[in-house]
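**Student:** Listed here are the chains, written in short residue letters.
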Amino acid sequence: MNRLLDPDTGMIIWTIVTFLALVLVLKLSAWGPLLRAIAERDSRIKANVDAAEAARAAAEQVRADLDVQMAGLSAKGRELLAQAQKEAEALRIRLRASAEADSASLRQKTMQDLAAEKDRLVGELRKEVAGLSVLAAEKLIRKSIDAGVQKSVLEDFYRDLDARKAAN
Amino acid sequence: MNFEEILAHHIINRYSSNLYVHGINFGLSSHLITMWIVAGLVALLMIYAARSSSAAGRVLRGGVEAIVIYMRDDMLHPIFHEDAEAYLPYFLTLFFFIFAANLVGLVPRASAVMSNPNVTGGLALCTFALIHLAGCKAQGPIQYLKHIVPPGLPLLLVPLLFVIEFLGIVAKCLALCIRLFANILSGHVVSLAFLSLIFIFAQMSRPVGLLVSPMAVGLALFAYLLDVLVAVLQAYIFTILTAVFVGGAVHPH
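Just so you know, the sequences run in chain order L and H. Just so you know, we're using our numbering here: the first sequence kicks off at 1 and counts up by one. Just so you know, we're using our numbering here: the second sequence kicks off at 1001 and counts up by one.
Hints are supplied without guarantee of correctness; some may be wrong.
[Said to hold, decoys possible] Below are the EDC-like pairs computed for lysine to aspartate or glutamate, each with C-alpha atoms no more than 16 angstroms apart in a straight line:
#1 H:K1146 x H:E1165
#2 L:K127 x L:E100
#3 L:K151 x L:E138
#4 L:K165 x L:E155
#5 L:K27 x H:E1085
#6 L:K27 x H:E1005
In short, the hints are calculated from the structure, not lab data. Note that the structure is a prediction, hence the values are computed from the model and not measured.
Here chain L stands alone, though its shape is the one from the complex (with noise of 0.2 angstroms):
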């Protein structure tokens, strides 16, 4: 066992030539395809990640275009609603104005018609009632009475009704 221990400088050079040696061939036929082949990746992902923090920065930046867009329109709408609003409440009382004059004038002239009617039918009634009193009195005294006479007591009774009803 004491063997164990004994220095073997031959076995000590012979372990560093040979992992030099597997350095050296290591290095030049793996280790560098792989780093290489590693660093491409890692470069890849980084452009990938660069790529997708360039989209979700221009992705936030239309959103908050959008934001501000909606925000302005909002405000746009809402302006737009009050005004319809006051121009509906104009237009409402305008149309109400419009349909009171209306119906005001509908009313007077109703009025007037109702009036000129009631005119004229008594005009009418009077006709006949002097008409059916002549007749009356004609009739009372057993004599035509000619038409100059009639028309001047006509007119004579009409005035006498008038200013009766004049006075009362």
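Guided by the hints, dock chain H onto chain L, whose structure is given.
**Tutor:** Below, chain H alone, put in the same frame as chain L:
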């Protein structure tokens, strides 16, 4: 054959041929051949992982990439910062070489290369050289030598402290060497000791030996599984401590 002989038979490096150059034996031995097999295996697997586009290659590549990225980002980058990429091939090779040698050492009839202090000593010497080379490269030789001694000391103490600090670096590397070989060696010794219990008890009484054997095999299996954990753990520890020591030389403050 006693227990010591059994251990020696399984663990000690055996030369199959001798080739002396200036009194140094460069002949073939069991550990040297296993080390070359390990190095070849690591080279083949890593090249396959790096270059193959087959399904198995992609799976292997995924596993290797995970370790590579971990070592680059979590182990070397905090120590070497932007120089981490330059040191990465050395530390990756160191980790995979020790890890593969430890695993191959667990295969029955194969030699545990890292249980040989000369092998771990060779790797520790590489670390020792790298510490000074990296320090000289990063700071320049004069500045590096000046920074070995902490600044602000009385002039008389500087030579003494220089020797102490230098011995400190030697001790760190020696500790690396001993830690790795002792851990791997102890794993094999424990497994062998548990299995030897069967024969020790069987020599006393055959029925007792039979009774002890399931327990001994179970314990040996447990120690073996523990060795798998030790294989990766010791490879990691050797690699990260080397990185810390080299980092100390590159960034003295």
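**Student:** Going straight from one Cα to the other, do L:K127 and L:E100 come out at no more than 16 angstroms?
**Tutor:** Status violated; Cα separation ~40 angstroms.
**Student:** Between L:K27 and H:E1005, is the straight-line Cα distance small enough, at 16 angstroms or below?
**Tutor:** 42 angstroms, violated
**Student:** Tell me if the straight-line CA distance from H:K1146 to H:E1165 falls inside 16 angstroms.
**Tutor:** Holds, because 11 angstroms separates the two Cα atoms, which is no more than 16 angstroms.
**Student:** Would you check the hint for L:K165 and L:E155, treating anything up to 16 angstroms between C-alpha atoms as holding?
**Tutor:** Holds. L:K165 to L:E155 sits at ~15 angstroms (cutoff 16 angstroms).
**Student:** Would the hint linking L:K151 and L:E138 be met if the CA-CA limit is 16 angstroms?
**Tutor:** 14 angstroms, holds
**Student:** Would the pair L:K27 and H:E1085 pass a check requiring their Cα atoms to be no farther apart than 16 angstroms?
**Tutor:** Given that 16 angstroms is the threshold and the Cα spacing comes to 11 angstroms, the pair holds.
Of the numbered hints given earlier, the model fails hints 2, 6; all others are met.
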